[in-house]
Amino acid sequence: GRFDFGWLDGPRFGFFFARPHRGLLWGAGDQTIPLSLPTDLNGSYSFLGRGLSISQSTKTSKLFLFFGSTSRGFLAPFLNLAQPETGAAVFFYERQLSPTVRFFTRNAFSKKHTAIQALEWSPRKDLKLATSAGIGNNQRIWSSSLDFTRRWFAVQAGYANLGQAF
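The numbering used here numbers the first residue of the sequence shown as 4 and each following residue consecutively.
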């Protein structure tokens, strides 16, 4: 765990504590929550939250639950400060459906909602095709991607159709 104190438009503090219990990792405090999709070819979006989290990873699935608030904050290797803003709940889940197909669901509920479902097909180690669809920030989203990588070259291509305020 950690506890931080500093200045961010006034005195602020940050904290995070985590503990495994009965196959789950329980967390409390300030945490970066990545909103990654298999169609993201160059990184992904994340946001800062303050609250309680529960996560579990197995060979075939990953689960992440969060209850608390989004936060405005400052993050550095030596200092993490946050100020809670808007209530939020998060449900992320991934499941290996077959040796080549993986399912993703990313759901975040706050003032604006996100509910994006995705499938990734990887018939070989060097080839991935993915598609995502749903709503993000109360706006439509549909995207697809191709990632083909060899030792001596790589081809990455993506297409996204998003709402104007996404």
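Don't read these hints as lab results, they were simulated from the structure. Any given hint could turn out to be false.
Pairs of lysine-lysine, DSBU-like flavour, derived with a Cα cap of 30 Å [claimed, not checked]: (1) K114 <-> K62; (2) K115 <-> K65; (3) K65 <-> K128; (4) K65 <-> K114.
Out of the numbered hints, which ones does the structure contradict?
1
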